[in-house]
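Asker: Protein chains in written order, with the numbering used here: chain A, 122 to 288; chain B, 926 to 1102; chain C, 3 to 352.
It should be emphasised that the hints constitute simulated quantities derived from the structure, not laboratory data.
Just so we're clear, the structure is a prediction, and the values are computed from it rather than from any experiment.
Please note that the accuracy of each hint is not assured.
Said to hold, decoys possible - Some chain B residues well away from chain C (every beta-carbon gap over 10 Å; in silico): (1) PHE960; (2) ILE963; (3) MET1016; (4) GLU1031; (5) PRO1056; (6) GLU1064.
What the hints assert, rightly or not - Derived PhoX-like pairs (lysine-lysine); straight-line CA-CA distance at most 20 Å: (7) B/LYS965 to B/LYS1033; (8) C/LYS40 to B/LYS966; (9) C/LYS329 to B/LYS965; (10) A/LYS286 to C/LYS40.
To be verified - Label pairs and their calculated CB-CB ranges: (11) C/GLU73 to B/PRO1068: 54 to 60 Å; (12) A/LEU230 to C/TRP200: 52 to 58 Å; (13) C/PHE25 to A/MET142: 50 to 56 Å; (14) B/VAL944 to C/ILE11: 40 to 46 Å; (15) B/LEU929 to C/ILE299: 50 to 56 Å.
By construction, the Cβ of each residue, glycine as well, lies at the ideal position given by its N, Cα and C atoms.
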Amino acid sequence: MNITQILFWILSGAAVISAIMVVVSRNPIHSILWLIVVFFCISGHYILLNAQFLAIVNLIVYAGAIMVLFLFVIMLMNPNKTNAQQKSLWKKLVGVIAGGCFLLTWIPLIKQAPEIHNKVALLKDGNIGLIGNLGKVLFSDYLVPFEITSVLFLSAMVGAVVIGKKE
Amino acid sequence: MQALTTRAKQVQRKPLSWVERIYLWNIFKGMLITFSHIFKKQPTIHYPEQKRTFSPVFRGLHVLNRDEEGRERCTACGLCAVACPAEAITMEAAERMQGEEHLYREEKYAAKYEINMLRCIFCGLCEEACPKDAIYLSETFTPSDFTRESFIYGKENLLIPDPVKQPEAFAKARGLN
Amino acid sequence: MTILAFDWILLLEKFILIVVVIFGSLGIALYSTFAERKVAGILQDRPGPNRAGPFGLFQPFADGLKLIMKEEIIPTNSSKFLFVLGPILAMTAALMTSAVIPWGSKVHLFGRDISLQIADVNIGILYIFGVVSMGVYGIMIGGWASNNKFSLMAALRGASQAISYELAMGLSLIALLMLTGSLSLKTIVEQQMAPGHWWNIVYQPVGFLIFIICAFAECNRTPFDLPEAENELNFGYHQEYSSMKLGFYLFSEYVNMFISSVVMACLFFGGYDIPFVNEAALSPNTAATLGVLALLIKSFIFIFIFMWVRWTIPRFRYDQLMNLGWKTLVPLALINMLVTGAVILWRMGA
């Protein structure tokens, strides 16, 4: 067990624990802060995979911008504990069943997937996440999905502007 | 409309030109103005080391005067207290006893004479009201202090030193040395 | 013990470098507070603080002592853990950025070549961006945990301002990165040092202009100091803070200012490049020392500009701020990017 593996286990444990805390926290602000911790752990994993660019972009975009917007919305709505609606028991039950079904479909899927079957994560020596390689792959092999994603973002932006201009 | 002064300037409300709208040039001009102030002479007076000379009509801390033999001039007539718009002056009168002629000039004197420096507005009306030339406003500030009580100045704070017994201190108090 | 198979001497030298850099930037931030007041004074025809020690040089220590001696107040209705976490985050984020800055080339000591950079990662400039975007949490968490309307409004202002200007800043940098072809600050500096190559400001004046405006906004400095607008928001997000927690917030602003000055010097003004001197002709240790000095002098000039602007330009209104960010700087940065790309392509074709 070398230092990379120790780091891997620490990061994984931290990621799982804080992900659970996201769900369990009563205060939505605390949930978001735990989610930020999750993103940090995932960025740590990216660094272990030698994908420094992905790691830092994950931090900038998700932890740095999107989570700030989440915080924004929740701070402005300011949901107090008093006016949080009590969910009825059967609603909770339905939620548990739905979530369980989702999990059940995912576990065999992941188990059978040939891409990850019998494979160990490349630690420290993959170089797909470096900025040059990533750019080349994105603009050659995956050019069409990449451009379609950008169109999707554009339409989302236009939609936001339309909603904002309505009044 | 007729302008009240020659310095009045008509406000221009025309839309900003292109140069004005990108702000950069105007910001640059403003920065140059502040930069030029680096080389200007500073008008600061470094107070404890340097002091500004007071004007001859400056009204500072009160002084209770003595005559040339060193007797207190105040006769506790109370005109200063009446004149005082801030009601800062209180006094108690007492009769001069036998053998006290070298201390008090008049037959009646102020046994207690207090000025509350926190109330006083240093208008100088007490000085004008005094028929005996007993109270004067000097050219010193009220020093700062920590308690309110210490700003009620009694006779011991206000009286000028005896010109006969303590000529040096008297000269210093008059600022003549 | 294969786990601990490190190059211990390398670790030691990095540790010393980290300590020096952190305390160095703290010291410079300390004296920036003093310089700020001095500059403010001089620009306003007065001497500025001059009582504590010769020329008032001990003033920052007096200020620090005063802050430490103040009562630590944690409001009853605040969220206590987050209230304490806020200033910690702000300070940590401010200090962490210094890790990828190349303070100089190599020094040759005890038979080793010691690089004057804590970590030469190949995404250096993005790392700075990432850490700066973390700094927003210090403001947001502090403002929210105070349980105070003004603090919350200031925190929201601060965060939205930071996100908006990060965008324009990133776009202005992309044009520069297209020229350099590298994200590592060390490579960028060394390219500018190469003979026949001028400083990047010559190639990217518009990019620099956008970058410096965004740097002002990111550091919450006037004219973009809306999060701490005293007369609108009662001092902003750190209104409820007292003692050294307040000191951390105020101080992290100055650390940020110093770091962003250094980053600007590295990106656009040649970093530790000494103008008109060929460093290769000097002995490596002299060159490194002079290089560090050159970098510091460049960043001090930027710090002065930060202060000079603060005491000249009044604060923007909030809609003006957003208009400037989204409707002026972002399109300008995009145009700059397009033009740079076109010129690069044209020169490759020629």
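Asker: Each hint should be assessed against the structure and marked as holding or not.
Answerer: Hints versus structure:
1. Not every CB of chain C lies more than 10 Å from the CB of B/PHE960, the least distance being 7 Å, so the non-interface label is violated.
2. Not every C-beta of chain C lies more than 10 Å from that of B/ILE963, the closest at about 5 Å, which undercuts listing it as non-interface.
3. With a least beta-carbon separation of about 41 Å from chain C, B/MET1016 lies farther than 10 Å from that chain, consistent with its non-interface assignment.
4. The Cβ of B/GLU1031 lies farther than 10 Å from every Cβ of chain C, with a closest approach of about 49 Å, so its non-interface assignment holds.
5. At the 10 Å boundary, the C-beta of B/PRO1056 stays outside the reach of chain C, the nearest C-beta of that chain being 47 Å off.
6. With 10 Å as the threshold on Cβ separation, the claim that B/GLU1064 sits away from chain C holds: the shortest Cβ distance comes to roughly 25 Å.
7. In summary, the hint linking B/LYS965 to B/LYS1033 is not supported, as the alpha carbons are separated by about 60 Å, beyond the 20 Å threshold.
8. Proposed proximity of C/LYS40 and B/LYS966 is supported: the alpha carbons are some 15 Å apart, at most 20 Å.
9. Of the supplied pair hints, the one linking C/LYS329 and B/LYS965 is violated, its CA atoms being roughly 39 Å apart against a limit of 20 Å.
10. For the hint linking A/LYS286 to C/LYS40, the alpha-carbon distance of about 48 Å lies beyond 20 Å, and the restraint is violated.
11. Take C/GLU73 and B/PRO1068: their Cβ atoms lie about 29 Å apart, and the range 54 to 60 Å is violated.
12. For the pair A/LEU230 and C/TRP200, the supplied restraint of 52 to 58 Å holds, since their beta-carbon distance comes to about 57 Å.
13. At about 35 Å, the beta-carbon gap between C/PHE25 and A/MET142 misses the expected band of 50 to 56 Å.
14. B/VAL944 and C/ILE11 have their C-beta atoms about 59 Å apart, which leaves the hinted 40 to 46 Å range violated.
15. The given range of 50 to 56 Å is respected by B/LEU929 and C/ILE299, whose C-beta atoms sit roughly 53 Å from each other.
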